[in-house]
Amino acid sequence: MNRTQPLVLGIESSCDETGVGIVRGTELLTNTVSSSMEEHVRFGGVIPEIASRAHLDAFVPTLQEALAEANVQLADIDAIAVTSGPGLAGALMVGVCAGKALAVATGKPLYAINHLVAHVGVGLLQQGTGTATSVSTPPAGSPPETLPDNMGALLVSGGHTEILRIRSITDDVELLGSTIDDAAGEAYDKVARLLGLGYPGGPAIDKLARTGNAKAIRFPRGLTQPKYMGTAEEPGPHRYDWSFSGLKTAVARCVEQFEARGETVPVADIAAAFQEAVVDVITSKAVLACRENGITEVLLGGGVAANSRLRQLTEQRCSAAGIRLTVPPLSLCTDNGAMVAALGAQLVMAGVEPSGIGFAPDSSMPVTTVSA
Amino acid sequence: MLILAIDTSAVASAALVSDDAPESVLASFATEDTRTHAEVLAPGIDALLAEAGVSGHDVDAIVTGVGPGPFTGLRSGIVTARTLAFVWDKPLYGVMSLDAIALEVAESTDSAAEFIVATDARRKEVYWARYTLSDAQLPHLADGPHVGFAADLPDLPVYGAGAGIYSDVVKAVAEFSTRQPEALSLGQFALARLAAGEHLLDSTPLYLRESDAQVPGPRKRAL
Ligand SMILES: [Zn+2]
Numbered sequence: 208m209n210r211t212q213p214l215v216l217g218i219e220s221s222c223d224e225t226g227v228g229i230v231r232g233t234e235l236l237t238n239t240v241s242s243s244m245e246e247h248v249r250f251g252g253v254i255p256e257i258a259s260r261a262h263l264d265a266f267v268p269t270l271q272e273a274l275a276e277a278n279v280q281l282a283d284i285d286a287i288a289v290t291s292g293p294g295l296a297g298a299l300m301v302g303v304c305a306g307k308a309l310a311v312a313t314g315k316p317l318y319a320i321n322h323l324v325a326h327v328g329v330g331l332l333q334q335g336t337g338t339a340t341s342v343s344t345p346p347a348g349s350p351p352e353t354l355p356d357n358m359g360a361l362l363v364s365g366g367h368t369e370i371l372r373i374r375s376i377t378d379d380v381e382l383l384g385s386t387i388d389d390a391a392g393e394a395y396d397k398v399a400r401l402l403g404l405g406y407p408g409g410p411a412i413d414k415l416a417r418t419g420n421a422k423a424i425r426f427p428r429g430l431t432q433p434k435y436m437g438t439a440e441e442p443g444p445h446r447y448d449w450s451f452s453g454l455k456t457a458v459a460r461c462v463e464q465f466e467a468r469g470e471t472v473p474v475a476d477i478a479a480a481f482q483e484a485v486v487d488v489i490t491s492k493a494v495l496a497c498r499e500n501g502i503t504e505v506l507l508g509g510g511v512a513a514n515s516r517l518r519q520l521t522e523q524r525c526s527a528a529g530i531r532l533t534v535p536p537l538s539l540c541t542d543n544g545a546m547v548a549a550l551g552a553q554l555v556m557a558g559v560e561p562s563g564i565g566f567a568p569d570s571s572m573p574v575t576t577v578s579a
Numbered sequence: 010m011l012i013l014a015i016d017t018s019a020v021a022s023a024a025l026v027s028d029d030a031p032e033s034v035l036a037s038f039a040t041e042d043t044r045t046h047a048e049v050l051a052p053g054i055d056a057l058l059a060e061a062g063v064s065g066h067d068v069d070a071i072v073t074g075v076g077p078g079p080f081t082g083l084r085s086g087i088v089t090a091r092t093l094a095f096v097w098d099k100p101l102y103g104v105m106s107l108d109a110i111a112l113e114v115a116e117s118t119d120s121a122a123e124f125i126v127a128t129d130a131r132r133k134e135v136y137w138a139r140y141t142l143s144d145a146q147l148p149h150l151a152d153g154p155h156v157g158f159a160a161d162l163p164d165l166p167v168y169g170a171g172a173g174i175y176s177d178v179v180k181a182v183a184e185f186s187t188r189q190p191e192a193l194s195l196g197q198f199a200l201a202r203l204a205a206g207e208h209l210l211d212s213t214p215l216y217l218r219e220s221d222a223q224v225p226g227p228r229k230r231a232l
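Protein chains in written order, with our numbering: chain A, 208 to 579; chain B, 10 to 232.
No wet-lab data here; the hints were simulated from the structure. In this text, all values refer to a predicted model and were calculated from it rather than measured experimentally.
Partial chain A-side listing against chain B, Cβ under 7 Å, derived: (1) 251; (2) 297; (3) 303; (4) 304; (5) 307; (6) 308; (7) 309; (8) 312; (9) 564; (10) 567; (11) 568.
Don't be surprised by glycine CBs; every beta carbon is placed ideally from N, CA and C.
Starting from the given sequences, assemble the full structure and let the hints guide the process.
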């Protein structure tokens, strides 16, 4: 196996995107994604069984397209990487079985990859391959080949909301905080439904919020009371954690009150105030976690990285705290196979042993397990 | 003709069958478990190929059970079969999974001219199909597959694990009361059908049930 510039194929199926990506070392060759998002629209959220059915039908065509686009033969691949968790159990199963079958059919080594760490791994792909851009860009011509020291990652999507500390992308990742109920993107979807804005909720609310007054209403910031926060010396039980279910309930109560009074619901103001509550609590806790853990470099990942207000406030607060922020291009922030391949390549280059073909997908795989 | 058959409609199983081999069997495996497909299937197939000294190039076709069966398990076998067929560039066929048990019934001494095969569909239901037998022919699928309550099955002898679970309400054939569809019989059935010039299915899964998703109704207003 080529361990210096390994050609790695990555498979992603943890939610509603079937992704196959191919990288050579830190160079991105292709990022092919087939999404079942359209099929979930009428339900207002991802339906696991529908996503799983879509993965089954999308896998081989997506693989075929990726190989053609990268102009790569399976025989040339050094290793295969597949998301084995966390994610939707039935959806993970399709990708894991496909990855294993690919390993059996080709005889190539297989790595079982942690989806959350893969979101960070995508930040290691070189710039100049037409893919990576960042907010505070390092000088051109100096692609980040290794992660900086004091590295953190803020992941915000429909499936997760986490702040991680990464000492080593291949074997030392720590979960500093996460949502204890809904993911931020899920809260957006639920509130968008309440406001009659359709699915997915993120873009709809983000757009409408620009015309609303975020200060018109103040919605609660979950888990910010002293009993949850504690102090830096004596942290409370949820100092870096989030909760969005109370916020969703508060929005519902607010809408009901307007209706009960027979008044027009100020949808734009509610959207803006809700978005402000989400983004404020995400960024303030993330920056707090960074400051108290000596993190000076942060990568923003996950589909909600597309949210204009989240990007703006994260930039603002990171820069005020002296933290350098990187945001990969959106196609690499949302779930995709390239990030799985990117992390797979890091594992190969670090000399980590493959996972074999006997592992089980793990829908609640902890970030401390970078590869199974 | 050498076929690699896979079925995960209930247990996980795979087999290499060939018309050149005695009893058409080269090698086969099946688990007892119905919930560890993702772990055991790929290693099982890998070991099967090694045991028979066969590589992907030697295989002429791949056959997958297309259910009916619990969805997540069913998909693990189908995606495996589709991927192997793609990489090895081999034809891929589907066979209705209950046919595997029907073939075993046809070959047994206590078969009936008309019978039902049933497997567990969970949620107090069974997957079932009705077959007819005539001399020296493959079992003929007369009706099905369906999903429904065991008590509503036609009044015929019922073979398979679905009968064993509901032996209080169906005419369960004791000898077959724990029988699950397996790739070995499935592959033998496919081999016989192809030899007889019959068509097989494609690899589209037979879910028989929609996803449970409900389209949310309009939100209730406060007044
Ligand atoms: Zn993700």
